[in-house]
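Using the sequences provided together with the hints, build the complete structure.
Listed here are the chains, written in short residue letters.
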Amino acid sequence: MKSTNIYLTSIGTGYDLSNSVFSPDGRNFQVEYAMKAVENGGTSIGIKCKDGIVLACEKIINSKLLVPGKNKRIQTVDRHLGVVYSGLLPDGRHFVNRCREESQSFKSIFKIPIPVPNLLDRIGLYVQNYTCYNSVRPFGIVGIIGGIDDNGSHLYMVEPSGSFWGYSGAATGKGRQIAKSELEKLKFDDLNIKDAIKQAARIISLAHEDNKDKDYELEISWCSKEFTNGKHEFIPIELLEEAKKFAEEDEGDEDEDEEEGEGEGEGEGEDTEMN
Amino acid sequence: MNHDPYYWGRPSDEVYGQYNYNIANAKNVEQHNQNNSNFPKMNTQQPIITGTSVISSKFKNGIIIAADNVGSYGSLMRFNNIERLIKVGSQTIVGISGDISDLQYIQRILDELEIQQEVYDNDGGDFLIAPNVHEYLSRVMYNRRSNMNPLWNSIIVAGFDSEKKPFLRYVDLLGVTYHASTIATGFGSHLAIPLLRNLIPENKDYINVNEEQAKKVIEDSMRVLFYRDARSGEVYSYAVIRLNEETGKIEFEFNKKTKVEDQKWRFAKDIRGYGSTQH
Amino acid sequence: MNQVQTTVASEYSSEINKIPIEHRFNPYSDNGGTVLGIAGKDFAVLAGDTRQSEGYSIQSRYEKKIHNVGDNILMTANGFAADGVELIDQFKQQLKWYKFDNQNQKLKIGSAARYIQHLLYNKRFFPFYVHTLIAGLDDDGKGAIYSYDPVGSYEREQCRAGGAAASLIMPFLDNQVNFKNQMIPGTNENKTIEFLELDEVIKLVRDAFTSAGERHIYVGDGLEILIVTKEGVRTEYYPLKRD
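From first to last, the protein sequence lines are chains A, B and C. The letter at position 194 of the first sequence is residue 196 when you use our numbering, and the numbering goes up by one with no holes. The letter at position 152 of the second sequence is residue 133 when you use our numbering, and the numbering goes up by one with no holes. The letter at position 19 of the third sequence is residue 24 when you use our numbering, and the numbering goes up by one with no holes.
One thing to keep in mind: the hints can contain errors.
The calculated SDA-like cross-link candidates involving lysine to any residue, where the alpha carbons are at most 25 Å apart (straight line), are [what the hints assert, rightly or not]:
no.	chain 1	residue 1	chain 2	residue 2
1	A	Lys113	B	Gln98
2	B	Lys185	C	Gly227
3	A	Lys233	B	Ile231
4	A	Lys109	B	Asp102
5	A	Lys109	B	Arg120
6	A	Lys74	B	Asn103
7	C	Lys69	B	Val121
8	A	Lys196	A	Glu251
9	A	Lys233	B	Asp102
10	B	Lys185	C	Tyr67
11	A	Lys113	B	Val121
12	A	Lys113	B	Gln88
13	A	Lys74	B	Glu93
14	C	Lys128	B	Ser127
15	B	Lys237	A	Asn231
16	B	Lys68	A	Asp151
17	B	Lys238	B	Arg223
Derived list of chain C stretches under chain B, where covered just means 3 residues or more per stretch with a C-beta under 8 Å from a C-beta of chain B [said to hold, decoys possible]:
no.	segment
18	30 to 42
19	55 to 62
20	66 to 77
21	80 to 91
Label-pair ranges, simulated between beta-carbon atoms [stated by the list, open to error]:
no.	chain 1	residue 1	chain 2	residue 2	range
22	C	Tyr242	B	Gly256	51 to 59 Å
23	C	Phe131	A	Glu103	31 to 39 Å
24	C	Lys101	A	Glu250	46 to 54 Å
25	A	Asp192	B	Asn24	57 to 65 Å
26	A	Lys247	B	Asn189	52 to 60 Å
27	A	Gly28	B	Asn24	51 to 59 Å
No lab work stands behind these hints: they were computed from the structure. Glycine included, each C-beta is placed from N, C-alpha and C at the ideal position.
Encoded structure:
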């Protein structure tokens, strides 16, 4: 694989040991390694549709002793804002805490809930800071932040480098390639939020295919003017069950598409990520 | 090392001495540590814009609380659109009299409290109830008075306790707290409390009083306050929180822009003296 | 007379004036009420009225003032209510930590007494404005009352009244509990001190509070007596005049 070569050439040169030091060809290897940590995490996705956003994640169950339905991976930052992330969980917790501090600070100064792009400006800056000093390491997560503000619904993805992009559909974690290619097939312009939930369940289930030996729990949250009054909440249990059923029924017919998509996605993904 | 990113990359104090904040004219950084102000630190010594009484009463299966919408600047009626009843969580009302800017600060910290307790990762945990809100506020009020920097307010917290019994408790700028079945702040403690205690003579007697009775006495009290408290207003808000005994659910009713009814001014025509021009 | 000159801001922020500052905020108030503790041979009682007032207003006719803080210790801090609540909260919190750090060992009344001295004395430059009393049983099972001034000076006593009507009740207690100024009839000798029984003590306490309630505006509404014996703590309540 192309990527393996790139890493091999860097090992031992010393440029991969520290943040705040570029390699001669202008790369910060610590940031790229952080991305590797993300690539092993459970899949997270986000979908933006015209009447809201949906976040979903594949929560890998590492022990049968964990209480089902608890230990949530999707978190709420402010009433109107949700976050899901893949990668190192404690890094994610810290990331969410910072998002919450920024949101409360904004609200305390300006009275209104923080607009989503504004939060991303701030949080992007914060994440970027962790790539500039040799006493710290970058965040080992990619975060997907979704929410509703006065300008409608927003969906963003923040990377360990601190860069963030707005998306219609975002995916990260182990199954991101499959998820991305599935997301690309969605018609975001006329997707309504209830269908988006079903699609999210289906995509997470597909993305889990490669990781079948591990059990997972599906978490889905939404944020919609119509159904949650603009609040970020977990979807009601009936909707979750319905979505799961939809995903199961769909699984049979999707086999072929999925393999195709995977191949395509892999190529594309490597290009963008290693650039 | 100091892990706040704003400190990263600074020369360490031990080696290079205190960081010189005037470098690059960075005057806005760390102002709180510099203390180079020309003025002594000043704290609130008196309220500025004020809200008058808040009055409240328990009844058999709930609680009622009322406050008018006036914000006074001394004897000037500066505002008539101040909402002094704040909803916290799903079943608690905080009624605030005293300084309005401090009221707005309290409103803000209560919103932050609500977000922290109810929005963040509430994984099937407890939700905020009135005793929680009161305890929080009383800690804030007592700490502020202990720093000689009080929040100039009297506050009534109304709601239900964990056993779904009506809860009513007071806290003020000194951190003094108490409970009773009828509580009123400010002028209300002189004018409304006698009417309320007439309905509910002893704390436990609130169980013999129904919502209509309590509401009537609250309305009467608001009228008396409007007659005799020069800082009161004709328009007020009131909230009723009741336990529906059939469904076991707590119902919340928030009424705004209520007017003082049944005012009687016929005596006015007979007034002589006191600057009246009538003969 | 020299007035204190202090710098304050005027409306024009660049202009500095030297004028005396008037500090209007008074962090204390008096919430009235009175408390009383009496130690017996194998029991101790701590009693207080249940009225809380501010100025001429009665804030509450029933606000708990005597607290069972655990480990068979009763505590009250009468005066400025907010400080009283804070002191008792701090002590309860520390008692929890004491038990946690010491294999759940019971806190002796003498240790509790000394500890409360520290709580009060540490804040001597901004004192808790309260008269503190604690009651419990000592190592020999005898009743013990400790009383404090606001800055932590303390002493073990047989009986003590504190709060608004302390000056009304204390002489009565001196006479009835410690038999001060009581002579044995027909002789020139003072009556010797002997322990009172619980029922006698309760009678004394009730009389003390009904009398104080007649004469003092800050006393009334209800009397709550907490009794500590080796069996534990029990509470009695008697109404008082509400005027």
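Each hint tested on the structure:
1. At most 25 Å may separate the alpha-carbon atoms for a hinted pair to count; A:Lys113 and B:Gln98 meet this at roughly 19 Å.
2. With a C-alpha separation of about 13 Å, the suggested pair B:Lys185 and C:Gly227 falls inside the 25 Å cut-off, and the hint holds.
3. In summary, the hint linking A:Lys233 to B:Ile231 is supported, as the alpha carbons are separated by about 22 Å, within the 25 Å threshold.
4. With a C-alpha separation of about 20 Å, the suggested pairing of A:Lys109 with B:Asp102 holds against the 25 Å cut-off.
5. Of the supplied pair hints, the one linking A:Lys109 and B:Arg120 holds, its CA atoms being roughly 23 Å apart against a limit of 25 Å.
6. At most 25 Å may separate the alpha-carbon atoms for a hinted pair to count; A:Lys74 and B:Asn103 meet this at roughly 10 Å.
7. At roughly 22 Å between alpha-carbon atoms, C:Lys69 and B:Val121 fall within 25 Å of each other, so this suggested pair holds.
8. The straight-line distance between the Cα atoms of A:Lys196 and A:Glu251 is roughly 17 Å, inside the 25 Å bound, and the hint therefore holds.
9. Among the hinted pairs, A:Lys233 with B:Asp102 is consistent with the structure: their alpha-carbon atoms are about 14 Å apart, no more than 25 Å.
10. A threshold of 25 Å between alpha carbons decides the hint, and for B:Lys185 with C:Tyr67 the separation of about 10 Å falls inside it, so the pair holds.
11. Straight-line distance between C-alpha atoms of A:Lys113 and B:Val121 comes to about 21 Å, which keeps the hinted pair within the 25 Å bound.
12. Proposed proximity of A:Lys113 and B:Gln88 is supported: the alpha carbons are some 11 Å apart, at most 25 Å.
13. The hinted pair formed by A:Lys74 and B:Glu93 meets the criterion: a straight-line CA distance of about 22 Å does not exceed 25 Å.
14. At most 25 Å may separate the alpha-carbon atoms for a hinted pair to count; C:Lys128 and B:Ser127 meet this at roughly 11 Å.
15. For the suggested pair B:Lys237 and A:Asn231, the alpha carbons sit about 22 Å apart, so the restraint of at most 25 Å is met.
16. Between B:Lys68 and A:Asp151 the CA atoms are separated by roughly 23 Å; this keeps the pair inside 25 Å, and the hint holds.
17. Annotation: proposed proximity of B:Lys238 to B:Arg223 holds, straight-line Cα distance about 21 Å (limit 25 Å).
18. With 5 residues bearing a CB less than 8 Å from a CB of chain B, the segment 30 to 42 of chain C meets the requirement of three and the coverage assertion stands.
19. By the rule of at least three residues with a Cβ nearer than 8 Å to a Cβ of chain B, the coverage given for the segment 55 to 62 of chain C holds, with 3 such residues.
20. Three residues within the 8 Å Cβ limit are the bar, and the segment 66 to 77 of chain C against chain B gives 3, so the coverage statement holds.
21. Check result for the segment 80 to 91 of chain C against chain B: holds, 5 residues qualifying (beta carbon to beta carbon below 8 Å, three or more required).
22. The supplied range of 51 to 59 Å is met by C:Tyr242 and B:Gly256, whose beta-carbon atoms lie about 53 Å from each other.
23. Our hint of 31 to 39 Å for C:Phe131 and A:Glu103 holds, since their Cβ atoms are close to 33 Å apart.
24. Taking the beta carbon of each, C:Lys101 and A:Glu250 are about 52 Å apart, inside 46 to 54 Å as hinted.
25. Restraint check, A:Asp192 to B:Asn24: a C-beta distance of roughly 59 Å satisfies the suggested window 57 to 65 Å.
26. A:Lys247 and B:Asn189 have their C-beta atoms about 54 Å apart, which keeps the hinted 52 to 60 Å range intact.
27. Between A:Gly28 and B:Asn24 the beta carbon distance is about 54 Å. The supplied range of 51 to 59 Å therefore holds.
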